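Residue numbers for the sequence shown follow the working numbering, so the first one is 5 and each next one is one higher.
Heads up, some of the hints might be wrong.
Simulated DEER-style distance windows between Cβ atoms [unchecked claim]:
(1) HIS128 <-> LEU82: 49 to 59 Å
(2) LEU388 <-> LEU561: 44 to 54 Å
(3) GLY63 <-> LEU561: 29 to 39 Å
As a list, the in silico EDC-like pairs of lysine to aspartate or glutamate whose alpha-carbon atoms are at most 16 Å apart [said to hold, decoys possible]:
(4) LYS581 <-> GLU533
(5) LYS411 <-> GLU499
(6) LYS64 <-> ASP153
(7) LYS560 <-> GLU525
(8) LYS161 <-> GLU119
(9) LYS104 <-> ASP129
(10) LYS231 <-> GLU242
(11) LYS141 <-> GLU242
(12) LYS581 <-> GLU499
(13) LYS218 <-> ASP153
(14) LYS168 <-> GLU288
(15) LYS239 <-> GLU119
(16) LYS102 <-> ASP62
(17) LYS221 <-> ASP166
(18) LYS498 <-> GLU589
(19) LYS357 <-> GLU473
(20) LYS362 <-> GLU381
(21) LYS379 <-> GLU353
(22) LYS411 <-> GLU451
(23) LYS146 <-> GLU119
(24) LYS560 <-> GLU451
For the record, the hints were derived by calculation from the structure and aren't laboratory data. The structure presented is a predicted model; accordingly, all values stated were derived computationally and were not measured. Each residue gets a CB set at the ideal place from its N, CA and C atoms; glycine is no exception.
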Amino acid sequence: MRKSYFLIILCYFFSSNATAQYQFSLPDNFRKQRNLPLIDIPTSIDVKLSDFGAVPNDGKNDANAIIKALNFCKKVSLTGTGSKLIFTKGTYDLFTNKNKSHLIELNNASNILIEGNGAEIIIHDPLKGFFSVFKSKNIIVKDLFIDYDPLPFTQGKVVAVDLKQRTFDFKVDEGFPSLKSEMFQKASRVWGMLMDPNIPGKLKNRAPNLYKAKSIKELSPNIFRIKINSLRLLKHIEVGDLYVHLARSNGKTIFKSSSSKNITYLNVTSYSSPAGSYSAFNMEEWNIIGCQVKMKTGRIHSANADCVHVNGGTFGPWIENSLFEGYSDDAINMKATKAHILEQRSATELVVKQTVKKGDIIRIFNPRKGILIGKFEVIKNKFLGNAKMLITLDNPIGQKLEVGSTKKQDIAYLDTKSNESFVIRNNTFRNARRYGILLQNSFGIIERNVFENLSQSAISINNGVDWGEGFIAHNITINQNIFNNCGYDATYLKEYNAAAIRMRVTKLKDLEVTRKWNGVETADWQGLENIIITNNTFLYNRRAISIECTVNSVVKLNKFIRNSKDLSKDSEEILQKNNSNLIIEN
Numbered sequence: 005m006r007k008s009y010f011l012i013i014l015c016y017f018f019s020s021n022a023t024a025q026y027q028f029s030l031p032d033n034f035r036k037q038r039n040l041p042l043i044d045i046p047t048s049i050d051v052k053l054s055d056f057g058a059v060p061n062d063g064k065n066d067a068n069a070i071i072k073a074l075n076f077c078k079k080v081s082l083t084g085t086g087s088k089l090i091f092t093k094g095t096y097d098l099f100t101n102k103n104k105s106h107l108i109e110l111n112n113a114s115n116i117l118i119e120g121n122g123a124e125i126i127i128h129d130p131l132k133g134f135f136s137v138f139k140s141k142n143i144i145v146k147d148l149f150i151d152y153d154p155l156p157f158t159q160g161k162v163v164a165v166d167l168k169q170r171t172f173d174f175k176v177d178e179g180f181p182s183l184k185s186e187m188f189q190k191a192s193r194v195w196g197m198l199m200d201p202n203i204p205g206k207l208k209n210r211a212p213n214l215y216k217a218k219s220i221k222e223l224s225p226n227i228f229r230i231k232i233n234s235l236r237l238l239k240h241i242e243v244g245d246l247y248v249h250l251a252r253s254n255g256k257t258i259f260k261s262s263s264s265k266n267i268t269y270l271n272v273t274s275y276s277s278p279a280g281s282y283s284a285f286n287m288e289e290w291n292i293i294g295c296q297v298k299m300k301t302g303r304i305h306s307a308n309a310d311c312v313h314v315n316g317g318t319f320g321p322w323i324e325n326s327l328f329e330g331y332s333d334d335a336i337n338m339k340a341t342k343a344h345i346l347e348q349r350s351a352t353e354l355v356v357k358q359t360v361k362k363g364d365i366i367r368i369f370n371p372r373k374g375i376l377i378g379k380f381e382v383i384k385n386k387f388l389g390n391a392k393m394l395i396t397l398d399n400p401i402g403q404k405l406e407v408g409s410t411k412k413q414d415i416a417y418l419d420t421k422s423n424e425s426f427v428i429r430n431n432t433f434r435n436a437r438r439y440g441i442l443l444q445n446s447f448g449i450i451e452r453n454v455f456e457n458l459s460q461s462a463i464s465i466n467n468g469v470d471w472g473e474g475f476i477a478h479n480i481t482i483n484q485n486i487f488n489n490c491g492y493d494a495t496y497l498k499e500y501n502a503a504a505i506r507m508r509v510t511k512l513k514d515l516e517v518t519r520k521w522n523g524v525e526t527a528d529w530q531g532l533e534n535i536i537i538t539n540n541t542f543l544y545n546r547r548a549i550s551i552e553c554t555v556n557s558v559v560k561l562n563k564f565i566r567n568s569k570d571l572s573k574d575s576e577e578i579l580q581k582n583n584s585n586l587i588i589e590n
């Protein structure tokens with residue numbers, strides 16, 4: 005009966021979702037109002053890519069032609085008019101360049117509509133991203149399909165396991181890259197995952213979610229011996245298991261958007277990536293509408309990192325009617341800008357390593373104790389050179405700070421650059437590693453989405469203190485979503501606060517260690533404010549919601565059903581600890 009009820013809800017959701025495309029509406033919980041997504045630009049000239057030498061399906065490098073065409077469009081924009089760059093449908097090939105992270109760059113441009121017409125972009129360097137936009141405004145990229153050849157990952161089956169020698173043998177599927185490929189040596193991070201035998205993209209139940217392995221020996225064509233030092237990890241591997249090994253190159257995303265405004269990716273499909281799919285830094289309004297990060301038939305993996313990674317925007321993204329599947333990190337990761345405090349000159353004067361503007365709101369955090377030192381407005385700023393700024397605060401700090409440029413010292417986070425006014429609506433997140441959404445930002449809405457078969461929490465709301473990132477999320481509404489079978493990997497199953505939606509504030513655990521990670525533990529500070537969770541349906545593993553360290557939050561009118569596939573030994577609907585003014589009504 006429970007399963008039938010859930011399927012009815014799911015079918016209703018998909019039928020209503022299909023009719024909602026591009027019917028945008030502004031939420032009412034924003035501190036700063038934003039524009040609706042930009043999905044069209046008035047243009048007065050059509051620019052044909054073929055006029056600049058790009059011939060589809062000829063196997064030749066089309067990068068220079070695309071760059072020349074975009075440069076022409078930039079010149080047109082100087083006249084005050086918009087231009088449309090038109091692709092003819094077909095396949096366009098992009099080969100490597102030596103010094104750039106992305107093969108196509110568009111800087112200081114405006115009012116350009118890139119009309120893909122269903123063209124396919126094939127990138128032949130698995131260590132490079134596709135398209136970078138910098139200091140631009142009113143740019144739309146639409147109707148493109150993007151893939152890699154060779155792929156930045158490989159896949160296959162485990163054919164032998166030797167616990168004594170701490171190795172397993174891996175046979176690469178036909179048509180996928182050999183582990184001898186240069187990218188597996190050059191990529192910044194190389195590791196693998198055990199995959200579900202029946203659901204492409206989903207991780208294997210109970211398995212660790214990451215296998216670091218660079219010690220690889222070829223036994224015969226397409227069969228490789230991989231050494232895993234940890235016996236604890238190796239014990240999860242069995243003959244016949246499906247395995248993905250990826251060459252991850254951080255920063256080499258499909259699309260990179262920086263210091264720009266009104267950038268829209270519309271009806272774009274990407275099948276693989278050496279890193280994530282969409283990265284954004286210091287952005288104003290930008291949008292991902294009707295896009296897909298998906299697996300091609302026969303593949304069990306898509307993007308090598310976060311599908312959407314957003315750092316320090318004045319406004320956050322508007323993401324609607326999109327699909328994210330088969331990725332190997334978080335689907336969406338949003339965080340506030342951090343500023344290392346290099347010097348405390350007085351009670352109101354700090355030298356920070358970050359661009360900070362007059363009027364910015366900063367919050368200073370002690371990561372050792374997990375407490376907020378204070379919230380301040382910047383009333384003066386002075387650039388000192390070498391990325392340093394002297395800032396004056398509206399009120400005295402009241403204590404001596406521990407200053408420096410590591411995650412252990414007190415850190416300032418810019419609340420006015422926390423990707424606020426974000427919208428995540430009518431999307432599907434399914435069959436993938438780790439989270440659906442990691443929130444370290446503010447003022448947004450997550451509604452009418454489906455989260456299914458994600459290996460850890462569907463939504464995680466916590467500060468990344470061991471990364472030195474964050475900060476604390478506040479004023480978030482999570483409404484009318486469906487959560488189905490999220491949380492089944494080894495990490496999730498052992499966490500005390502495992503839940504489909506998980507919230508807590510953390511501090512550094514071991515300050516004396518010399519290794520990279522200090523570990524985290526739950527802080528006493530109730531830093532998460534105004535988290536509203538309403539009208540959602542949970543088919544949950546272990547828990548539906550874990551809520552800690554919050555103030556003025558609401559959990560109301562949700563439906564909780566324990567998943568019949570739940571691998572946990574015990575379960576409860578809600579874990580609640582250390583909250584103030586928490587309202588729970590179901």
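Verification of the supplied hints:
no., hint, result
1, HIS128 <-> LEU82: 49 to 59 Å, "violated (33 Å)"
2, LEU388 <-> LEU561: 44 to 54 Å, "holds (52 Å)"
3, GLY63 <-> LEU561: 29 to 39 Å, "violated (57 Å)"
4, LYS581 <-> GLU533, "holds (14 Å)"
5, LYS411 <-> GLU499, "violated (24 Å)"
6, LYS64 <-> ASP153, "holds (14 Å)"
7, LYS560 <-> GLU525, "violated (28 Å)"
8, LYS161 <-> GLU119, "violated (40 Å)"
9, LYS104 <-> ASP129, "holds (12 Å)"
10, LYS231 <-> GLU242, "holds (14 Å)"
11, LYS141 <-> GLU242, "violated (51 Å)"
12, LYS581 <-> GLU499, "holds (15 Å)"
13, LYS218 <-> ASP153, "violated (22 Å)"
14, LYS168 <-> GLU288, "violated (55 Å)"
15, LYS239 <-> GLU119, "violated (50 Å)"
16, LYS102 <-> ASP62, "violated (23 Å)"
17, LYS221 <-> ASP166, "holds (14 Å)"
18, LYS498 <-> GLU589, "violated (28 Å)"
19, LYS357 <-> GLU473, "holds (14 Å)"
20, LYS362 <-> GLU381, "holds (8 Å)"
21, LYS379 <-> GLU353, "holds (14 Å)"
22, LYS411 <-> GLU451, "violated (33 Å)"
23, LYS146 <-> GLU119, "holds (6 Å)"
24, LYS560 <-> GLU451, "holds (14 Å)"
Checked against the numbered hints given earlier, this structure breaks hints 1, 3, 5, 7, 8, 11, 13, 14, 15, 16, 18, 22; the rest are met.
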